[in-house]
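If you want the building blocks of each chain, they are given just below.
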Amino acid sequence: MSASNEILNMLEVVRGPGIERWALVKIAKISDNVTFSLNQGRVVHINASGEFETGGTGTQMPMYLWRPANALDVEKISSRYASMTTGAYRVYQAQPSGDTVAFVATGGFEFWSSEYDTAQTYAINELLTTTVANTTLATGGVLTNVGTSTSDKVRPFVDYVCGVVSGPEQANQHRTTMLPFYSYFLPQNVNP
Amino acid sequence: MPIDKMARAESERFLSAVQDGHTKVAANAATAYTRVRMREEGILRRNMDLEILTADDLDKQLDDSGWVKIYELEPDSPGAISTPFAAFSPSVWIRGRRYPVQLQRIQTQRYQCDVAMLKTWDADLRQIVSDNSIKDILYHEDSFYINLIHSALIGADQNVPWSGIPQWVTIAGGVDRDNAVEATNIMGRTDAHVEPSTGLMNNVTWREFMKWQRSEVGGDMAQDFIKNGFHEQEWLDITWTTTIKRDLVPDNRWYMFGPQEFMGHFVGMDDTTMFVKVEAWMLEFFAYEILGLSFGHTAALAIAQFEP
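If you read the sequences in order, they're chains Y and F.
By the count of this note's numbering, the first sequence reaches residue 199 at its end, each step adding exactly one.
By the count of this note's numbering, the second sequence reaches residue 901 at its end, each step adding exactly one.
Bear in mind the hints are in silico, worked out from the structure with no lab data behind them.
Beta carbons: idealized from backbone N, C-alpha and C, even for Gly.
Heads up, none of these hints are tricks.
The list that follows gives simulated cross-link-like pairs (lysine-lysine, BS3-like), each with its CA atoms no further than 30 angstroms apart:
#, chain 1, residue 1, chain 2, residue 2
1, Y, 83, F, 653
2, Y, 33, F, 728
3, F, 838, F, 804
4, Y, 33, F, 653
5, F, 662, Y, 83
6, Y, 36, F, 662
7, F, 662, Y, 33
8, Y, 36, F, 838
Some chain Y residues well away from chain F (every beta-carbon gap over 12 angstroms; in silico):
#, residue
9, 65
10, 173
11, 196
Can you build the whole structure from these sequences, using the hints too?
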């Protein structure tokens, strides 16, 4: 698994409730269907089992991952070592529980995220979508302005919308390029 | 239920202190960041010693600010051999093992109320809720402790990886004398040769001993059991803890433990803390703590499941 890094893969909560007791967040485990280590900032949704999976489609509420999958308060590090999970000398950890936390799109936030498709160019007020790709690090839960239309742009009332660009791409104080966006949700046009 | 006037007076005193802005008086009842003493010991806290860490005890990681403490495991040895003259024994490189204990925050729900609404209660609602919230934390600790024991022992009658034999054993025939002794032998059969020193069962299972006849328990104790109940804490050369949490510790199941140094570490940072905030008329409080528990070895764990 590729290990995310607190500096390279990040989500900044620049406006809105932030890390407050009343912020609209969801606490859940990451589904075993996700085979790569989810970075902070990846878009996720809750599946039918109440676990996080990448991206979103249809009416799945988008959320933005706060604690990455490999954080020390999420993942048992003994799980990374075969010597601790197989063989005679196994290690059994009670903590962490495996639960992580994500901000819910309708909670009213402005974020800066490193987890976006850097191959595209973004204009303020453009709509953003994401991809459900539980086995693909490069695209699973990554924000993009590429939709399903012939113009390639994300269309309201057609595509799954999980954000609105709020500012130009820019590097933060850690020299990580970030995309500012408002959290937003407009379901994909699908038959329920 | 009779009106508890003392509790009502205490509630009103707290409320008036809060509303008058006398936060120092309110501190006598519950202040911001009040350190809360456990009102009853949980199973985990009775069975394992909690090691309080400081920030300096934590082991830094390269790419994460989370909390982990690395502990070391005693290396095993290959044993000695007999050799002829002019011969040396094979060489073995000295190696060791380490294992992590990660810490995580545990919290109660956040309780909120308009303090004016507490005035209509005769009972000290705030105290009841806060006491029960501490019990919730203890229950949560106990649940992950019991689940961890189950994980370490794999499953009923399954071989534990280190010992190669089952350490969670099903014993047919109920809790009679022979089966009780058989249960205490589970741990001693591993290569670690650890003997059980403490044990855990629920209050219903504990009463099974009262069924023992004179021929089983020996002497007049059988009469004493029926007349006075069974209150022994030292039994079968084991110090027993009983619990009412039958949903965690099922009937007819014994959990047995050797010395903690053969198991792992139970660590924490600070005592359980109660946060209280009063803003105008809104009261909010919750309790939190940071704990970690890992088993680096399984030799000091055993479960006996008695079947009819």
